[in-house]
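Visitor: Model the full structure from these sequences, guided by the hints.
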Amino acid sequence: MSESIISVENLSKCYKIGRQAAKGDGLRHVLEQAVRAPFAWLRPESREKRGKTEEFWALRGLDLEIERGQMVGIIGRNGAGKSTFLKLLSRITEPTTGRIRLRGRVASLLEVGTGFHPELTGRENIFLNGSILGMSRAEIQRKFDEIVAFAEINKFLDTPVKRYSSGMYVRLAFAVAAHLEPEILIVDEVLAVGDAEFQKKCLGKMEDVSTKEGRTVILVSHQMPAIQNLCTRCILMDRGQLQQDGKTSDVIAGYLAKGHELASGDLSQRTDRAGKGRARVTGIDLLDSSGNPLVEAASGGDVILRVSYEVRQGETLKGGLLVLDLSSDLKSFIGLSTALASKRELQLSGDGYVDFLVPKWPLLGGRYSLSVYLEAEGEAQDVIDDAAIVDTVDGDFFGSGKSHHKGWHGEYVLVPHSWDQGS
Amino acid sequence: MSEIIIEQGRSERQYWRDLWRYRELLYFLAWRDILVRYKQTVIGVAWAVIRPLLTMLVLTFIFGKLAKMDSGGVPYPILVFCGMLPWQFFANAFTESGNSLVSNAGMISKVYFPRLVVPISSVITSFVDFLISSVLMALMMVYYGYLPGASVLMLPLFILLAFATAFGAGLWVSALMVRYRDFRFILPFVVQFGLYISPVGFSSNVVPEQWRWLYSLNPMVGVIDGFRWAILGQQNLYWPGFWISVAGVALIILSGIWYFRRTERTFADVI
Numbered sequence: 001m002s003e004s005i006i007s008v009e010n011l012s013k014c015y016k017i018g019r020q021a022a023k024g025d026g027l028r029h030v031l032e033q034a035v036r037a038p039f040a041w042l043r044p045e046s047r048e049k050r051g052k053t054e055e056f057w058a059l060r061g062l063d064l065e066i067e068r069g070q071m072v073g074i075i076g077r078n079g080a081g082k083s084t085f086l087k088l089l090s091r092i093t094e095p096t097t098g099r100i101r102l103r104g105r106v107a108s109l110l111e112v113g114t115g116f117h118p119e120l121t122g123r124e125n126i127f128l129n130g131s132i133l134g135m136s137r138a139e140i141q142r143k144f145d146e147i148v149a150f151a152e153i154n155k156f157l158d159t160p161v162k163r164y165s166s167g168m169y170v171r172l173a174f175a176v177a178a179h180l181e182p183e184i185l186i187v188d189e190v191l192a193v194g195d196a197e198f199q200k201k202c203l204g205k206m207e208d209v210s211t212k213e214g215r216t217v218i219l220v221s222h223q224m225p226a227i228q229n230l231c232t233r234c235i236l237m238d239r240g241q242l243q244q245d246g247k248t249s250d251v252i253a254g255y256l257a258k259g260h261e262l263a264s265g266d267l268s269q270r271t272d273r274a275g276k277g278r279a280r281v282t283g284i285d286l287l288d289s290s291g292n293p294l295v296e297a298a299s300g301g302d303v304i305l306r307v308s309y310e311v312r313q314g315e316t317l318k319g320g321l322l323v324l325d326l327s328s329d330l331k332s333f334i335g336l337s338t339a340l341a342s343k344r345e346l347q348l349s350g351d352g353y354v355d356f357l358v359p360k361w362p363l364l365g366g367r368y369s370l371s372v373y374l375e376a377e378g379e380a381q382d383v384i385d386d387a388a389i390v391d392t393v394d395g396d397f398f399g400s401g402k403s404h405h406k407g408w409h410g411e412y413v414l415v416p417h418s419w420d421q422g423s
Numbered sequence: 001m002s003e004i005i006i007e008q009g010r011s012e013r014q015y016w017r018d019l020w021r022y023r024e025l026l027y028f029l030a031w032r033d034i035l036v037r038y039k040q041t042v043i044g045v046a047w048a049v050i051r052p053l054l055t056m057l058v059l060t061f062i063f064g065k066l067a068k069m070d071s072g073g074v075p076y077p078i079l080v081f082c083g084m085l086p087w088q089f090f091a092n093a094f095t096e097s098g099n100s101l102v103s104n105a106g107m108i109s110k111v112y113f114p115r116l117v118v119p120i121s122s123v124i125t126s127f128v129d130f131l132i133s134s135v136l137m138a139l140m141m142v143y144y145g146y147l148p149g150a151s152v153l154m155l156p157l158f159i160l161l162a163f164a165t166a167f168g169a170g171l172w173v174s175a176l177m178v179r180y181r182d183f184r185f186i187l188p189f190v191v192q193f194g195l196y197i198s199p200v201g202f203s204s205n206v207v208p209e210q211w212r213w214l215y216s217l218n219p220m221v222g223v224i225d226g227f228r229w230a231i232l233g234q235q236n237l238y239w240p241g242f243w244i245s246v247a248g249v250a251l252i253i254l255s256g257i258w259y260f261r262r263t264e265r266t267f268a269d270v271i
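Chains as they are written, first to last, in this note's numbering: chain A, 1 to 423; chain B, 1 to 271.
Take these hints with a grain of salt, some might be off.
[To be verified] Here are the computed distance ranges between Cβ atoms for each label pair:
1. R105(A) x R181(B): 30 to 38 Å
2. L157(A) x A67(B): 31 to 39 Å
3. E152(A) x R262(B): 39 to 47 Å
4. D386(A) x T266(B): 31 to 39 Å
5. G214(A) x R262(B): 34 to 42 Å
6. L340(A) x Q8(B): 47 to 55 Å
7. L157(A) x F189(B): 42 to 50 Å
8. T211(A) x T266(B): 35 to 43 Å
9. Q8(B) x S249(A): 30 to 38 Å
10. L251(B) x R105(A): 32 to 40 Å
Since the hints were derived computationally from the structure, they do not count as laboratory data.
For each residue, glycine too, the CB sits at the ideal point set by N, CA and C.
Guide: This is the structure we're talking about:
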């Protein structure tokens, strides 16, 4: 039983991103090139070499062994590379480096109801979806009744699915996928939809698949309880790398403690940003004064906000300005600026970070949204609204055991003060 | 037990086996497209009859009545329809398969299957329309009392050639469309021009003899001439031209598969 069914060696996936990529990719550009070097454009490599495209490594050097019959959970914040990993496992896209060795048939469920056609009836969609997922017609026919019963859509079997409620739609879609019989089942965050009762049923089904039928299941989810209940082994990913691998409860505990609350997404994946992009903010971390990650800031504690950036290869940008803005309910509470806090000039090149040290964190308990503005060479380079969430808990700001009066929340910032009484 | 190795540039080995394994998907996708095509239309499948019929009337009017082109003794409507049969098949298959990958983008970015299944199934879907038109053709021939000779037995060969042309061209366009949506605009042009530069509305006998080899570089010339020869049986087939067309089709289909396979692996990233 300890033979590994999935072996992953040094797996990496690189995506080309940024405006430059689009420029070198248009048909007009390709035609221009074709005149200069006929037929060179047919080779994908040459297309990639041309121009300065920015690279984004969604997955970097992943090594992993998964044994037959294991049920493995994969967790990590958005952009950690979980979905990319599943896409590689499912052969939807190919790795940039490294290899995966699969010793069994894989079925993946990366989305509920892939290929469903709204005009077709439930019955027709079962066959269509089943065959898209890799089932043979005979196999679908054999399991047809089971699928219908599981989805609880008996009455609507011959109704076009466009008339289904979203709950019915999800139930049907999951039911088809749940009756796949692969040796390896890959599931990505599909339980987030559907009502609680049906979710429970799905989880139960997956447990059966793993324990009773001895199949290997890989499950990506943000729902810790689901992972906790189902998986014996859990993998934590962060920025395309394997961060932690072990017993589920340990890994989840590690994940929750690490302050992943802060950055609600890997900033390098954010597309809702403005600016020239010669330098980009890649991440924001909340640290205590000795550099340990924090889940949340406490009023009165010393806090470091670390803003990581990357500058386009080979460029050095002068006249840097980095501004952070912390707001709640659209009201700004704190502004931090490299230009205000020091006379030094911020110069940007390569990868690096700026640490803002805020002694005696002045915010009251609550959730604050952090926006970031990065300027260099006189132009905005990167602007991201709501780049991260900074959760704050009330703390002993004044050393008096009290933090603030009732009703101050959302209205006040704490400043150190003292008072004296005279007469 | 099957072992699969996933690496950059490596999926060749199991690819053709996978394609065989997914042959039912081919069928289901074609079946879906046929089922869906005429949903929520009032006259339904009648469209498959009306479209070629109207085009035939227009072409007969322009080339037969106005331009008074030589039909070699064949009733002009039959001459035109016989050319339209393969042309409409090609045009539909070309358009449908060209758009097929992009319109199935959701599937492509979420599920693995050999991508070749998608354009192939589009060609099959168009083939169903072709069959419907064929019935129409047969009825017309009965109406005009024009019965084909023994050469009609060669027809399957030319149908195959038409199939190959549509498939090869479809492969190119579908793969190119994934990256360059420009082809969405190029496609209708090709189809529109093609109707007039291919011998649909006229017989290719009107092309001067010394230029016929050049004319045959358009693979559809060989296909359409072949259809006319097999069904109407009157004119002799211009064989050099036919072989040029066959060679052209072979080139398109092989290069199409080559390009498709080459770019296929990145479809999910680009689409």
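Visitor: Would you mind marking each hint as holding or not holding in the structure?
Guide: Results for each hint:
no.: 1; hint: R105(A) x R181(B): 30 to 38 Å; in the structure: holds (35 Å)
no.: 2; hint: L157(A) x A67(B): 31 to 39 Å; in the structure: violated (56 Å)
no.: 3; hint: E152(A) x R262(B): 39 to 47 Å; in the structure: holds (46 Å)
no.: 4; hint: D386(A) x T266(B): 31 to 39 Å; in the structure: holds (32 Å)
no.: 5; hint: G214(A) x R262(B): 34 to 42 Å; in the structure: holds (39 Å)
no.: 6; hint: L340(A) x Q8(B): 47 to 55 Å; in the structure: holds (48 Å)
no.: 7; hint: L157(A) x F189(B): 42 to 50 Å; in the structure: holds (44 Å)
no.: 8; hint: T211(A) x T266(B): 35 to 43 Å; in the structure: holds (38 Å)
no.: 9; hint: Q8(B) x S249(A): 30 to 38 Å; in the structure: holds (37 Å)
no.: 10; hint: L251(B) x R105(A): 32 to 40 Å; in the structure: holds (37 Å)
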